[in-house]
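Colleague: Chain residues, written in single-letter form:
There are 2 protein chains.
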Amino acid sequence: MNLQVRLRSLPREAVEEGHFELREGPVPNLAAGEVLIRNHFLSLDPYMRKRLADAVAGRVPFGPGDLMMGRTVGEVIESRDARFRPGEHVLGWGGWQQYSAEPAAKLEKVVDAGGMPLSVHLGVLGRPGITAWLGVVHVAAVRHGECFVVSSAAGAVGSLAGQMARHLGARVVGIAGGRAKCDAVTGELGFHGCVDYKSAGFEQALRDATPKGVEVCFENVGAAVLDATLGRMNENGRVAVCGLLGQYHSGAPYAFRNFPRVLDRALRVTGFRIDGNTDLHERARADLRAWLEGGVFRSWETVSQGLEAAPAAFVSMLEGRGRGKTLVRLA
Amino acid sequence: MNLQVRLRSLPREAVEEGHFELREGPVPNLAAGEVLIRNHFLSLDPYMRKRLADAVAGRVPFGPGDLMMGRTVGEVIESRDARFRPGEHVLGWGGWQQYSAEPAAKLEKVVDAGGMPLSVHLGVLGRPGITAWLGVVHVAAVRHGECFVVSSAAGAVGSLAGQMARHLGARVVGIAGGRAKCDAVTGELGFHGCVDYKSAGFEQALRDATPKGVEVCFENVGAAVLDATLGRMNENGRVAVCGLLGQYHSGAPYAFRNFPRVLDRALRVTGFRIDGNTDLHERARADLRAWLEGGVFRSWETVSQGLEAAPAAFVSMLEGRGRGKTLVRLA
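Sequences listed follow chains F and L, in order. Note that the working numbering numbers the first sequence so that position 296 is 296, with each residue one more than the last. Note that the working numbering numbers the second sequence so that position 73 is 73, with each residue one more than the last.
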């Protein structure tokens, strides 16, 4: 049997477990050129929230009854392509299910990461790591001595982006929800500061934490969080927009008080996505691997057990209750 | 006597003639290193509106009783610096007055532009021309075949930016207020299209004028005008933010419906100011001079006669009633 999680209904506001349903189906049969994979880990990511919002807005062909998509790492069980053999580990887009049949052309063989667990390929060496690298190194090009602010600082991408910027010599200030999370970001990840966006004194705390202003903003949230950071940006500052998680729930546009600062301070605001920069992935992976082996990163993971736990784990991640990479262990 | 225009009171909303007052003072005496200039032309520009808004917000030390600032071109009457001699033409920051005493170090000698009138140094070869060049060539780096949208298309900067982009091979669509102005932008300046932002069907008209979407937005207005163009931007599009004239009147922040497109389309939104790019002015001037001599530009001017006319001319420019460069002839 093959356990799956499918979308039951589209979330108009907050995502809840009831928007998903468990289903059992047969293990898929293979067509020529396909590979059958038993998935070990499923990655849960904020972009999935955006995909749901896009579906509500009619921008993507995705709706009730469809299998939830997702990045997976697993083991080849059967192969109808000469490049893959049973027992090999592969990265794919298996989705929220135990077994997936995927075209060989879309799979990637896992390169052993010195005995690291398979999950690292969905985290530091995977899309979160590459995304963080693109924002820090390519889009914002942070330099030694600059002040670097990152929101969702305890999230999969934010926690890596901040550690990278610190390694590159920046003064790093995170923004996260809740005192405990902020303490972990400074205490365990070595950020120079971390500000709680849920506290009443958020804006003042951000000013205090960035006394000389901000050169780089790595943005994962948008809305009031981005607005506060915009208000701290220095001349020629760079804003790397990686996500707008705080704006997906509500269709209402957010009125940024500090938007005019784009002109006043000659800011550069750049949206970027991992898929738009595939020519840089090789370089990113080489850096990430070297930094990982050099102990630059502490890699936080929040792992749930069993596919049944995926909806709750997803909701928990969206509500900011996890730390670092959110994963579901399937085998 | 030296006629001057000073600020009488700060505009909280729309700027009116009553916010200014005429005063007569003595022709200034010179200190060592200063030059006395009889100003021939005063340039009136949108940034002055921004300076008034900044003064209201307490961001600049400028208020009632102060002389209005402004770029001027004029003739040296007397000099206490060896580099300048009576009769020479110079560019300076003389302000809204007939005679100014300025430090020699801040003056620029006018390089003859093949018999062109002095006013050209405040337009195509001056700050509007350099600003347009910076946005088109440096910030947006428009390429052949791209769709280029510019707001305030009939303004000093917008009219030049659009003509430059067209010369560089772009398909150029202007945004301007009123049918007559739009007709002039297409008929006289050779834009491929021009959309009236005051018409009820503005957004649909912009869609129709940009059937394949937009690669470059040269923004002078902000608010609903920028929002509409954001909604047309293609993947990896560039937005060069030169001005936000439509947002200076009101302190209320504007809620951009299409801000999320910065992420969805991986846009690059860059604010820029002429003063932040002085290393490029030489290159800009060389291009502008060559293009001017090559007949690339049609240079629109709206010239008022006499300093007394400056407040009305300024209000008229802000209300979009002029075309191209707004000037006051002082001598």
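Some hints here could point you the wrong way.
Given that identical chains are not distinguished, each listed pair holds provided it fits within a single copy or across any two copies.
As the list claims (entries may be wrong) - Subject to a maximum C-alpha distance of 25 Å in a straight line, what follows is the list of computed SDA-like cross-link-like pairs (lysine to any residue):
| hint | residue 1 | residue 2 |
| --- | --- | --- |
| 1 | Lys50 | Ala255 |
| 2 | Lys198 | Gly63 |
| 3 | Lys50 | Asn236 |
| 4 | Lys181 | Arg265 |
By construction, these hints were calculated from the structure, which means they are not laboratory data.
Colleague: Is it within, between, both or neither when you check Lys198 against Gly63 at 25 Å Cα-Cα?
Modeller: neither (33 Å within a copy, 39 Å between copies)
Colleague: When no copy is named, should Lys50 and Ala255 be tagged within, between, both, or neither for a Cα gap of at most 25 Å?
Modeller: Result: close both inside a copy and across copies, 20 Å intra and 20 Å inter.
Colleague: Under a CA distance limit of 25 Å, which applies to Lys181 and Arg265: within one copy, between copies, both, or neither?
Modeller: Classified as neither: same-chain Cα gap 31 Å, cross-chain 32 Å, threshold 25 Å.
Colleague: Is it within, between, both, or neither for Lys50 and Asn236, if the alpha carbons may be no more than 25 Å apart?
Modeller: Cα proximity of Lys50 and Asn236: across copies only (19 Å, versus 30 Å in one copy).
Violated hints, in rising order: 2 and 4; the structure is consistent with all others.
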